[in-house]
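Undergrad: Chain by chain, the residues run as shown.
Protein chains: 2
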Amino acid sequence: MPPPAPLRICFFGDSMVNGTGDDACLGWVGRACAAARRGGRDLTCYNLGIRRDTSADVLARWQGEADRRLPPEHDGRLVFSFGANDCCEGEDAGVRVAPHRVLANAETILATALKRRPTLMVGPFPICDPAVDRRTALLSAELAALCARLGVPFLEVFAIAAGSAAWVGEVAAGDGAHPNAGGYALVAQAFDLWPAWRRWLDAA
Amino acid sequence: MPPPAPLRICFFGDSMVNGTGDDACLGWVGRACAAARRGGRDLTCYNLGIRRDTSADVLARWQGEADRRLPPEHDGRLVFSFGANDCCEGEDAGVRVAPHRVLANAETILATALKRRPTLMVGPFPICDPAVDRRTALLSAELAALCARLGVPFLEVFAIAAGSAAWVGEVAAGDGAHPNAGGYALVAQAFDLWPAWRRWLDAA
Chain A
1 MPPPAPLRIC FFGDSMVNGT GDDACLGWVG RACAAARRGG RDLTCYNLGI
51 RRDTSADVLA RWQGEADRRL PPEHDGRLVF SFGANDCCEG EDAGVRVAPH
101 RVLANAETIL ATALKRRPTL MVGPFPICDP AVDRRTALLS AELAALCARL
151 GVPFLEVFAI AAGSAAWVGE VAAGDGAHPN AGGYALVAQA FDLWPAWRRW
201 LDAA
Chain B
1 MPPPAPLRIC FFGDSMVNGT GDDACLGWVG RACAAARRGG RDLTCYNLGI
51 RRDTSADVLA RWQGEADRRL PPEHDGRLVF SFGANDCCEG EDAGVRVAPH
101 RVLANAETIL ATALKRRPTL MVGPFPICDP AVDRRTALLS AELAALCARL
151 GVPFLEVFAI AAGSAAWVGE VAAGDGAHPN AGGYALVAQA FDLWPAWRRW
201 LDAA
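Those sequence lines, one after another, are chains A and B. In this text, residue positions in the first sequence follow full-length UniProt numbering: the first is 1, and each later residue adds one. In this text, residue positions in the second sequence follow full-length UniProt numbering: the first is 1, and each later residue adds one.
If you are wondering where the hints come from, they were derived from the structure by calculation, not from laboratory data. Careful: at least some of the hints might be erroneous.
[Unchecked claim] Computed spacing ranges between beta-carbons, pair by pair:
no., chain 1, residue 1, chain 2, residue 2, range
1, A, Gly169, B, Ala5, 45 to 53 angstroms
2, B, Ala159, A, Gly90, 35 to 43 angstroms
3, A, Leu138, B, Gly182, 46 to 54 angstroms
4, A, Pro3, B, Ala159, 30 to 38 angstroms
5, B, Ala98, A, Ala148, 35 to 43 angstroms
6, B, Asp175, A, Ala148, 23 to 31 angstroms
7, B, Ala144, A, Ala159, 26 to 34 angstroms
8, A, Val168, B, Ala5, 24 to 32 angstroms
9, B, Ala173, A, Arg198, 51 to 59 angstroms
[To be verified] So the derived list for chain A, only partly shown, Cβ under 10 angstroms to chain B, looks like this:
no., residue
10, Asp53
11, Leu114
12, Arg117
13, Pro195
Even glycine gets a Cβ: it sits at the ideal position worked out from N, Cα and C.
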């Protein structure tokens with residue numbers, strides 16, 4: 001059997017996708033991709049997480065940035081993760097982007113993405129601010145339901161991160177919102193074990 | 001003395017900026033940024049290297065991608081590195097982008113960049129194809145002269161990479177163009193020691 005074709009994967013989202021706060025400069029994205037490469041899978045990682053990005057910001061930019069990175073003749077894939085910045089305090093019913101708008105943005109993004117490339121969604125992350133995190137936890141469940149309806153595999157990470165002493169401790173020792181290497185390693189491990197991701201890595 | 005303000009740095013360029021081929025998924029960019037963070041410098045790394053990008057491709061996209069990542073209230077910086085793809089076989093006088101066009105593209109990019117943000121340039125890399133590398137070595141010298149004229153610090157990396165047994169060996173063991181962890185670590189070390197980069201890290 002020939003080896004599986006090389007993958008080029010764009011990861012779109014916010015600071016948690018960027019890996020902000022990680023002294024190893026890998027984040028969960030870099031760790032998961034490195035694990036795949038070490039396991040023999042040829043993949044190219046494009047990390048397109050931007051600090052403070054909401055669902056509206058990702059909606060506005062993802063297609064242009066993806067088109068420049070995923071030429072049609074290559075096996076390109078898309079992974080999205082956003083939501084916590086939408087839940088921060090702002091002027092849309094008290095938050096930066098109201099939940100019904102986040103869900104509409106996510107549906108537009110994912111429905112368009114699915115028509116072009118295999119697509120995965122990772123849920124939003126806690127930022128260790130109780131009021132924001134309460135809203136983000138609810139949003140994560142709503143995004144899970146949306147993804148189920150659209151047929152996009154969804155990985156819930158909110159509880160994994162919020163329930164981890166490593167994550168919470170590193171946030172407190174860091175900038176108050178982002179973990180460091182230990183927290184990101186935990187999420188990378190969960191992502192690495194996710195059956196939807198394993199199917200990408202194992203398929204020819 | 002207060003700690004230096006956090007930096008947000010966009011690295012624009014080609015596959016060598018992306019770190020293609022590195023099983024650690026860091027490349028020289030990730031390694032240099034991780035070294036800076038471990039040294040106590042708070043920085044956010046945006047890796048915007050794209051495989052097969054020429055100077056013309058970078059010219060067309062860098063401003064939009066930088067604007068989305070570097071809000072005016074933060075200390076944003078720019079690093080560019082391109083040129084080897086321009087020197088590959090193509091239809092502009094036998095190459096993808098003729099040298100006089102590369103220099104014009106680079107001048108447009110760097111002159112615009114300098115007006116907005118502190119800017120550095122890293123020279124083009126060998127891809128271990130003798131005909132391409134011959135052209136790239138010449139282009140690297142011309143880019144160095146251009147940068148001297150514009151006042152942009154320039155790091156020559158062509159000879160470092162081409163003269164390294166680690167780099168050349170990893171290219172041969174890999175896809176024939178890109179090194180792996182050892183080659184990228186060598187360039188990261190040269191970048192880390194570069195006085196122009198040290199001034200960014202050490203300045204308050």
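Undergrad: Is it true that Pro3 (chain A) and Ala159 (chain B) lie within 30 to 38 angstroms of each other by Cβ?
TA: holds (34 angstroms)
Undergrad: Look at the Cβ atoms of Asp175 (chain B) and Ala148 (chain A) and judge whether their distance stays inside 23 to 31 angstroms.
TA: violated (39 angstroms)
Undergrad: Against the range 51 to 59 angstroms, how does the distance between the Cβ atoms of Ala173 (chain B) and Arg198 (chain A) compare: consistent or not?
TA: At roughly 27 angstroms between Cβ atoms, Arg198 (chain A) and Ala173 (chain B) fall outside 51 to 59 angstroms, so the hint is violated.
Undergrad: Holds or violated: 26 to 34 angstroms for the Cβ distance of Ala144 (chain B) and Ala159 (chain A)?
TA: Once the Cβ atoms are compared, 53 angstroms apart, the range 26 to 34 angstroms for Ala159 (chain A) and Ala144 (chain B) is violated.
Undergrad: May I ask you to test the hint 45 to 53 angstroms on the CB atoms belonging to Gly169 (chain A) and Ala5 (chain B)?
TA: violated (26 angstroms)
Undergrad: Minimum Cβ distance from Arg117 (chain A) to chain B below 10 angstroms?
TA: Nearest chain B Cβ about 16 angstroms off; hint violated.
Undergrad: Answer holds if the nearest beta-carbon of chain B is closer than 10 angstroms to that of Pro195 (chain A); otherwise answer violated.
TA: violated (22 angstroms)
Undergrad: Quick check on a hinted range of 35 to 43 angstroms for Ala159 (chain B) and Gly90 (chain A), using CB atoms only.
TA: Given about 51 angstroms between the Cβ atoms, the range is violated.
Undergrad: Under 10 angstroms is the threshold here; is the Cβ of Leu114 (chain A) close enough to any Cβ of chain B for the hint to stand?
TA: Cβ of Leu114 (chain A) sits 23 angstroms from chain B, so the hint is violated.
Undergrad: Let me know if the C-beta of Asp53 (chain A) comes in closer than 10 angstroms to any C-beta of chain B, holds or violated.
TA: Cβ of Asp53 (chain A) sits 8 angstroms from chain B, so the hint holds.
Undergrad: That 24 to 32 angstroms hint for Val168 (chain A) and Ala5 (chain B) (C-beta), does it hold up?
TA: At roughly 27 angstroms between Cβ atoms, Ala5 (chain B) and Val168 (chain A) fall inside 24 to 32 angstroms, so the hint holds.
Undergrad: Can you tell me whether the CB distance of Ala98 (chain B) to Ala148 (chain A) sits inside 35 to 43 angstroms?
TA: violated (53 angstroms)
Hint violations for this structure: numbers 1, 2, 5, 6, 7, 9, 11, 12, 13, all remaining hints satisfied.
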